[in-house]
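A.B. asks: Taken in sequence, the protein lines are chains A and B. Quick note: the first sequence uses this note's numbering, first residue 1, plus one each step. Quick note: the second sequence uses this note's numbering, first residue 1, plus one each step.
Since the hints were made in silico from the structure, they are not lab data. Please read these numbers as outputs of a predicted model, since none were measured by experiment. Ideal Cβ placement from N, Cα and C applies to all residues, glycine included. Take the hints with a grain of salt, since some may be wrong.
Claimed, not checked - Once the Cα atoms are required to be at most 30 Å apart in a straight line, the calculated DSSO-like pairs of lysine-lysine come out as:
(1) A:K449 - B:K426
(2) A:K437 - B:K426
(3) B:K159 - B:K426
Unchecked claim - One-sided and incomplete, this derived list gives chain A residues near chain B with beta-carbon spacing under 10 Å:
(4) P12
(5) E464
(6) Y511
(7) E517
As the list claims (entries may be wrong) - If you want the ones that stay clear, here's a sample from chain A, every Cβ over 10 Å from chain B, calculated:
(8) S94
(9) R114
(10) R189
(11) P281
(12) T443
(13) K449
(14) R502
(15) R545
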Amino acid sequence: MKSVPVLVGPDPRWVGRIYKDTGGEDFLGLRAVQENIVPYLLPGIISITPRARYYAFYSWCLSEYAGAHPAGMPLASFIKRREQIFVLANLVWSDTSEDAPAEGGLLGSTKLGRHWREHSHLDVIPFADSGYLKASHGGYSQYIGVMRSLGLIREQEDGALALLPRGQQLAAAFATSIEGTPYFALRHRFDTDESIPHTVLEEYGTKCHLSGLRDGHDRQPTVETLFAFHASDEIPNPEAKEPAVGNMRGSLGIILQMIDQCERPFGEDGFRKAVSYGFCPDYAEYRPAAALRPILAHWRMFQLRELYVYALYALWAYFLNWLRLHGPQTFLAFRDHLNEGHDLSQAGATLGISLPRRSLDAWILGDWLDGLLDASHIPKANLEERCQAFAQQSASPVNEHALYHILKDTPPENSAVYVGTALLLLSTLFIRLVGLKRFRPDTAWYWAKLGGTRRRSLDLFVEEMSDHVISEHNLLDTLSWLYRDYIVSQHVVTALEKWRARKANTFHFNYEDGLFEWVQEGRVGFSTSRFRQAYNMLWDLGLYRFDDDNQRTPRLTRLGRSTLQRVLNSYGQEK
Amino acid sequence: MAKKSDRLQLLDAIAEERGYHTGIFLTYGADLAFFEEAILRVLWENGCRSNLILMDANRYNDTLTDFRGSVSWPGCRYLVRPVDLGPLQSFHPKVVLLVGMEHGRLMIGSGNLTFTGFGHNHEVYTCVDWAPDQPFFHAVFTQMWKLITAIDERWGYSKEVGLMLRKAETVAPWLIAPAEESGDTRLVHTLQEPLLDQLVRALEGTTVDRLTMVTPFLDEGAVCLQQMAQRTKPKEIRLVLQHRRAVGNAQDLKRLMQEGLPLAVYRFADDDSYLHAKLYLFETPRGAYLLSGSPNCTRSAMLHSSSNGNLEIALLRRASSSSYFERLIESRMSREPIENIDDLEIERSPVSQPKREPGKSQLLDVSLAGGFVSGVVSMGELPEEVAELQLRLRSTRTNWVPLGELRPNMTEFTRSLPSELLAWLKGPVSASLWGRTTEGDAVDLRCNELWATNVDILRHEISRASPIHAQAGVYLSEMLVASDEEWRDLYEALSRLIELDVAGLQRRGGTYTTSPPVRLPPPDEGELELEDTVVLVSEDEEIFRQRSEIADALFHESAVYALIDLVRGALPGASRVIEASGGLATEDTAEGTAARRKQPPSAGLGRKFVNLVRKYVRSLMNPAYMLVASTYHILAHYALFHRIVVLLREHEVISPEDCVRFACDINVGFFGSRGDDAPALLPRLRRHFQHALADEWLEAEVPAYALGSALAGGLTSSPRPLQDDVVLAELSIRVMAALAIVVDLPQAAEDSAQLAPAAQLYADDLPTFQWQICDCVGASLPEVQDLLERWFNQCLAAIEDAASPLDRAILYRAALDCGRGAYEVAACQKIEETMRRWCSDLIFWARLAGDREIAREWRETLVGILEESGEPQELAQELLGEGIQLFFAKQYQESIHKLSQARLLAERVGDEELVNSCQQWLTNSEVLLGLQGSQ
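Chain A extracted, bound-state conformation (with noise of 0.2 Å):
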């Protein structure tokens, strides 16, 4: 061998790291396609635009800069300046008045409230500066999106702003309402000087709060801006991706339509449940107008697929669980679990119906999808017609929004019950699927196509379920291909699809040599549906109020019961 000379050449080194952070949801990615049903619903709202009087005021704000402004300031530092002394008003009427409920939903009182408790014993209140809230252009550009799709404001081609016909009569109806005060006659002083006058803020209050909104001159064109009521009454084809705001009508109509005819404390859950089974004979607890119940359908595809994802997040937590526990495992492993700790019937027990002790791979899906069906007094016939018969009850032992609250009230630790749950869960959603694609096609089933197979949509779910079903597979093979296609390969795809866009790392677990290894939790949990924000925005426009004996009741008010039946008519036809 030749004498060793030093060294020259690529050293051997340590391999860095290809991603940045940790941090993400939607692991599964199942969730991005709700995202794409609910600005079709309620294109006026999104979950962080709660309250309905900021349409009228933004559009003031706007209103004014075109008419007057200070010289050289931006639109930006004029919004914020006009939104502060909004904030600091609603504070104000907040302390001071003596039924005031605490304003939810008001943007950026948070440093504002700190500093109007700082500053509330002084006669005069000082400005705080404009970092109350990070965005440039303060609470409004929360709410530029659905301004601009409920025609209230358009972006030109030169860049400029305009302020459409609709948005300037909820500037002038926002004019009206507090024209009386003090800040009104001297706004244009406040919107450079330091500070404003305690007094000025309490008038202005009085007359600006957010819920004063059913008391105010801009509660009727809001009304008409939010209804949409100029809107045509044409329900768009989603896959047409036409402008939808036409469907906050429709939307809104429903809720004001499930109000009407409850008769107890109505909720985010009832609502949930009300547009799955609303038309469904037997569910007595919302029975939707003619008129209604075109945009209904897609609320239920809506709703269909959140539980569908709900029960595949629960399998996913499952399974993730199950290796921080026992891993790393194989995936055999795992499915060897599945078998032998899942006998289903404890399941079944706790959701009132009898099922026999058999281990996984001893159920043939068919056998098993039939069974559910007896269980539910299907009368027998084959399975699609038993599908479009289940798809038409609500009151059935099996059914979706039970299994749903048992899934939520159960740790992934009652390994029986839970993973049990989430498949009888699945289960029922593919034998209303099959019902409602067989019975009924409609528009709405776009819904259930969307996401594709890089999504899982329904539609492919229902197709391969019933390849599962045509093959004889056994619940052990389906639950383990829903494992494997649904929710371990689902995984890998969206967190290579968010590593690619933000290099992040969010796998919930490694996998090296044919091991699984566990890193993190799964949560389970619905999207936001925006019932919360659009139930409140009817609230505000005094649409409805809540029993007095029992505050939790809620009761159409003489302009809610008339908007409704406007929104009925719109359509056509009478209540």
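Could you slot chain B onto chain A? The hints should help.
C.D. replies: Same frame as chain A, now just chain B:
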């Protein structure tokens, strides 16, 4: 190297260089979704589209089960193949090899082809490069290549993999070129010899002061550690293990220490991620040796070869001092050894995993191509109830293909696929072998499953244009560029695809693709036989076939072909759907086209285009370029540049006069100028003027653009040309004659499908264009005939002076091509006498050239002509008489023609006496012709 930071960013190292053609990944386990998302995507965009993963058979199975739903492209954009060493052995290397014409990058390390292996675990890799001016690690590359081909020979059954490897060798011949081995960096592997043996040999008995080992695995009994210690005799051993993660048995380590092994256990300093690196540092008085790569400290990795252990790959590096490697290890281990080994929680044994059952039937390869499924199987014993076999194909659904009975010794099958099945096989497809009872029930043979190679899709995907090239294709097909941005995109695409840099080409040894090999006649093997014979393919012929196949595949996978294909695909009569990379399809609507308006480029950009055309013309005139560039490219560029020239004229970048001048220049460059000798006598033209390339000429649409530019709108009917009409007319004759050498000129002039692409440029409509072409060609045939005859004679005359047998063979072939062209021109004019004369000449010269096949073809042609002329026997008598008369008139050449024809006819009718008579006079004429020549 990737970056000058401490850590190696593997993905950056893969992505940062363009110019790789082939990527080969050896790995134990692979996450194919990660590969597709993080690696394939980037390689694809960089033009590296031949990609192969070789992985362990057990882990391969995971890709078909655990992660099946996450993958999109196995068998369709890349190949992934299992390597099955045996039930208790593993294919365990971790290697990335990227190969291009001028670059090579090799990364050898410990991380599998997974997210964790490439950027989460604690892994170590070494990255070495090769370039013509950086040849230091050439030997490592050639050794790795030998190893890969050896792996394929031993465990591979896929023809596509074989083809992929051969293509890589063709593109990067440096991989198989001799290389000098370096003592400082050497590749070590277990294909034939255990690693420990190689290590001991490398150490040459020198004292090992200290051995430091970093490993995630120890074998049962720590036998490997013990053996290493016994054979290298280190004075001190430092074993670095990770708390709670390393696999081993603490009791074994304690026992070894009690037995006197100088062992100290250290804790790995970072528990944040999994320690998966494998490092062995031997410190000796002569220097330090570092082994890094895939082998763990286990028996199967270190103490066995692949015949009964794992296949492992590592690099053994040597430095003058251990301090060279200190930074790598010292910073990652605890300062002090662990006092009590039990403090370090190490797992006692790995999780047991199922292993493949030996002795079962195995599917070794399966591919889908042209509506057929074919495969290679190794048949084991079948259960009694199995009446026949079937193939289970899984894509989005499961489908079955009956195979019938496979005999025990049968190893290959091919079956056609029903058309309804083909629709389901668009994406990834996996296959496995199943049985079937007489009742039709499926019987699970527990056969392995394979990703099928979908050859049609693979070819299509590899040759897809990138988006920028696709857009350039649209501009050229529509002949419409609407903005400066579009002009810039077009220029960028063209300048990237069209290789005109002679120096660069010469340095690299040619264009990205290779030329088709030159087909020369086989040596004369005696008298011609009329009967068909069984062809025995020689080794040379087989090599020729393989080279042709690879050259053809490389060109059809190239980016320039994709561009041309797009231009062609969007031309009138073809589909208007342009597919870009990534599966995006944009359908060009009438409104879409109407909305865009032609816009000239800015002055500077326009000049760039003009300069590009000028550079191309200079290249055509440059023998150095024409000899080094691929013939495929020369043909492809011809049509492309004619389109570019007209595009520039239509966008007012150049005047109509300049357009004519450029078209002329291109034609002069490609066909030669009017006064030049036969194309075969000009070195720069010799390679692409072959009748054997007729299909390539037609595919490249050379005839259509040549005729269009020279005849229809390009030269004759253009606005007043700057050059003399006579000059242009003579050039046209040359273009037509030159075309006739390669393709059937009259037929090319009449073929509307062939002419259609060029019609868009040179005429208002296709019928007008076709009429113009036919008219011009028809009127020019006599002159073309004369020119071809002149070239024929020039070639024959040049044979005398040929410097080598190869040159002589080329000239013979060129003469025969000229003669064939002349015959076709005569046939078009229906001049029977001339046709017969050419046939006789071509038979004669083909025989002299030793090309029996050509001679036979011309004999058949001649017989056909003669038979059409009358009774063969009477005609033979007549020709004999004419031949004798010419003999006495001392016109020996003509006499030979007649007598040859007479003999041929006599043979045909079986008149032996007449044959003998003809032969006698023929011999006389040939002798006297020879004497006449010598005088």
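A.B. asks: Against each hint, give a clear statement of whether it holds in the structure.
C.D. replies: Hints, verified against the model:
no., hint, result
1, A:K449 - B:K426, "holds, 20 Å"
2, A:K437 - B:K426, "holds, 27 Å"
3, B:K159 - B:K426, "holds, 21 Å"
4, P12, "holds, 4 Å"
5, E464, "holds, 8 Å"
6, Y511, "holds, 6 Å"
7, E517, "holds, 8 Å"
8, S94, "holds, 48 Å"
9, R114, "holds, 38 Å"
10, R189, "holds, 51 Å"
11, P281, "holds, 37 Å"
12, T443, "holds, 25 Å"
13, K449, "holds, 15 Å"
14, R502, "holds, 14 Å"
15, R545, "holds, 51 Å"
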